Amino acid sequence: MSRTRPSEYKATAEGILRDHPEMRTAVTAATRTFNSHRVHGFGEVDAERWRDWMHQVKNHLLTHLDTYLEQAESNLVTHGARVHWAESAEDARTILADITKSHEVRRIVKGKSMLSEELELNTFLGEHGVQVRETDLGEYIIQLLDEPPSHIVGPAIHRSLEDCRELFGRELGTPPDASPEELAAAARRALREDFLKADLGISGGNFLAADTGTLALIENEGNIRLSTSVPRIHVAFVGIEKLLPRLEDLSAFLQLTTRAATGAPIGNYVSLLQGPRRNDEPHGPDELHVVLVDNGRTRLLADERAWEALRCVRCGACLNICPVYRQTGGHAYGWAYSGPIGAILAPAYLGLEEAMPLPFASSLCGACADVCPVRIPIPDLLVYWRERAVEAGLTGRTEAAGMRAYAAAAERPALFGAAKHLLRHLPWEMGGRALPVLGHWTDERTAPPPSRRSFSSLWKEGID
Amino acid sequence: MGDARERILGRVRQALEHRDSVEHPGDFGAWRPDGALPADPVEAFTKLFTAAGGEVRHFDSEVAARTWLDGFASAFETVSLGVTVEGALRPERPEASPVSASLGISMARCAVAETGSLVLDARDGRRTQLLPPTHLVWVRAADVHATLTGALSAMKEDLPSGLGLHSGPSKSADIGQITVKGVHGPGRVIAAILS
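As they're listed, the protein sequences go chains P and U. Taking this note's numbering as reference, the numbering of the first sequence is continuous, increasing by one, and the terminal residue is 1109. Taking this note's numbering as reference, the numbering of the second sequence is continuous, increasing by one, and the terminal residue is 242.
Simulated from the structure, these hints should not be mistaken for laboratory data. Hints are not guaranteed to be accurate.
Unchecked claim - DEER-style ranges, computed between Cβ atoms:
1) P:743 x U:53: 15 to 21 Å
2) U:81 x P:837: 30 to 36 Å
3) U:94 x P:776: 52 to 58 Å
4) P:719 x U:117: 47 to 53 Å
5) P:1008 x U:120: 57 to 63 Å
6) U:90 x P:1033: 50 to 56 Å
Given the structure is predicted, the values throughout are model-derived calculations rather than measurements. Glycine is no exception: its CB is placed at the ideal position from the N, C-alpha and C atoms.
Could you build the full structure based on these sequences and the hints that come with them?
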């Protein structure tokens, strides 16, 4: 499946719903399960207090980001790691290419990393004759299918057991009725060879504690621990927003990120890495490279409203609860990060025009804000990017005019009251369609005619 | 690339120029409803580690542990032993490299009750912790911390190149959302607690 762009959202979404209704079934089932586990996981702790605390830690980190970046770099270097700085995806790819060339790297194993998707590392390495093997089982499945991930946490949630049976039968010779255990065992055997032969392991980074230079990675399978322990070189790509001030701060973040993602108390495996193998250690990589990546993050940090999106811990909880995401899965969004969080990151990372129409791919129901472990005001930021898009003339003319008229009326109570009265009494087809909030909603539906009396007048009279 | 560093830090500073600075909220309290976890850390660890699919054994003495170990290890052809596993806790079985051994035995640096995690230190040997299909991990009851914050704080002044928190057997639900064990790491993990 070819990678699409955000601008193709509507067509891709329609294509998925029309040609692959089974994807909607699979994605809806998987996200409902994830979400019910999150509800349970949040309920076991005082999640509201944890969320407040994490919100503040991350805002502290982001408002002192320069200091903490320098501190993290200094501690990593002290432990023998090499630190690289990448302004763009191209920079990051060049840094990786330099490492693979100077070390004559032929084979790479990779742990799941959304940043590596954002940087499009696999395509780049393939073009340079380096074999890259995704080792997370979900990532392995979609690599064999040549598909992008459809979810931040579960990249293959859009694929069923039947799909996997067919795929593994073709690629690994498993029988057509193989059980999930047999399929996993076949993948384990194939990938074990890859781990042992690889020259280099790539990972992302969930967090980087500045005061010790500790890189933290969360997973369930053990493939990240293997990718970062077995090959002689480990390269970690870390977004600059992933820092945390202190080692102890990891405690809440490791726990609530996992509770938000899968409901478990903590990821089955957590790696806390401080550098390459030392003399008193029998195994581990001889080199650790940490690539600190900007690629749009400083642009987002500079935005007076949207910078708070940088708190994101990539748990996927907002995808799991989103009624829009659930219909299609992540492919429709045409970018590494899908769902509500993808829709508010894309305008900063890709540019507003390139990100269109993702901020509109939401019903603004607000469920995402209720589940976010770091309290990102996602619906507010969706509205913010919509306003910016309207200002920039990136939306349809009717909708833009409607928004402007609404804004003008809302600022003047007398005019607002008059407009309300007019809409209530005009024939619906003439007035109602001009309401900006209805937009495409009324393309395939008939909006109910408005009540002759307004809510505010009923309220004044007293509602029984 | 030195320039990239300066440019990124420069842009960060510029972005923060007019931003109100936010204070760190202080220590994390790991707040939970009353009674959500047993008060005894060993009991809480046992509960969570078992719930995650791991096995837990308790031993009152090294003699009792040794007796159990001889029987347990006899079912495995070869073992890979962590560097810091003490003599009495090393079974008399043929040793093999972690790549081919059927059982890995490690000594935990410590454990965490609130997450049900064994904390493994790179100085003990990372491959032994990951490659054999069954993993036996010794941990002393006194080293079971109530909270992850407590464990991190205690280890902070003596960090190896890598720590691994293992909170149960390797698992995945990536194939049709059905959970399977032992995908890459060990499919069977036994935490053996020594009092």
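Cross-check of the supplied hints:
The hint said 15 to 21 Å for the Cβ distance between residue 743 of chain P and residue 53 of chain U, and at roughly 19 Å that hint holds. Between residue 81 of chain U and residue 837 of chain P the CB atoms are about 46 Å apart, so this pair departs from the stated range of 30 to 36 Å. A C-beta distance of roughly 44 Å is found between residue 94 of chain U and residue 776 of chain P, which places it outside the suggested range of 52 to 58 Å. Range check, residue 719 of chain P to residue 117 of chain U: about 50 Å between beta-carbon atoms, so the 47 to 53 Å window is met.
At roughly 59 Å, the beta carbons of residue 1008 of chain P and residue 120 of chain U sit within the given window of 57 to 63 Å. Under the hint 50 to 56 Å, the C-beta atoms of residue 90 of chain U and residue 1033 of chain P, about 54 Å apart, fit the expected range.
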